[in-house]
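Whole structure, please, built from the sequences with the hints as guidance.
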Amino acid sequence: MSQLTAVRSEPGANAASPFSAPQLAERALYRRAVEAVICGTPAVNYELMYQEMVRKVWRLADIERIGSR
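Residue numbers (my numbering): -6 to 62.
Since the hints were derived computationally from the structure, they do not count as laboratory data. Any given hint could turn out to be false.
Label-pair restraints from in silico Cβ distances [said to hold, decoys possible]:
(1) Leu17 / Met46: 32 to 38 Å
(2) Arg52 / Ala21: 28 to 34 Å
(3) Val30 / Ala54: 46 to 52 Å
(4) Cys32 / Arg58: 38 to 44 Å
(5) Arg20 / Arg58: 53 to 59 Å
(6) Glu45 / Arg25: 29 to 35 Å
(7) Val30 / Ser10: 39 to 45 Å
What you are looking at is a predicted structure, and each value in this text was computed from that prediction instead of being measured. Where a beta carbon is used, it is the ideal one built from N, C-alpha and C, also for glycine.
Dropping the structure here:
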């Protein structure tokens, strides 16, 4: 069983980071990109479902209109 240790950052304390500043910036950018994909997926799915529903309803309306002539 692994043991978790809490790290407290005190003001003025110099904590040694295993990552350099460019690495931290790259990791932050990657993390934000993943969050954007996760948050954007429901909106994209909704738009795709809406577009398909509109296409099918229009087809149905066209068929009904043609059939009522």
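Status of the hints after comparison with the structure:
no., hint, in the structure
1, Leu17 / Met46: 32 to 38 Å, "violated (44 Å)"
2, Arg52 / Ala21: 28 to 34 Å, "violated (47 Å)"
3, Val30 / Ala54: 46 to 52 Å, "violated (36 Å)"
4, Cys32 / Arg58: 38 to 44 Å, "holds (40 Å)"
5, Arg20 / Arg58: 53 to 59 Å, "holds (57 Å)"
6, Glu45 / Arg25: 29 to 35 Å, "holds (30 Å)"
7, Val30 / Ser10: 39 to 45 Å, "violated (27 Å)"
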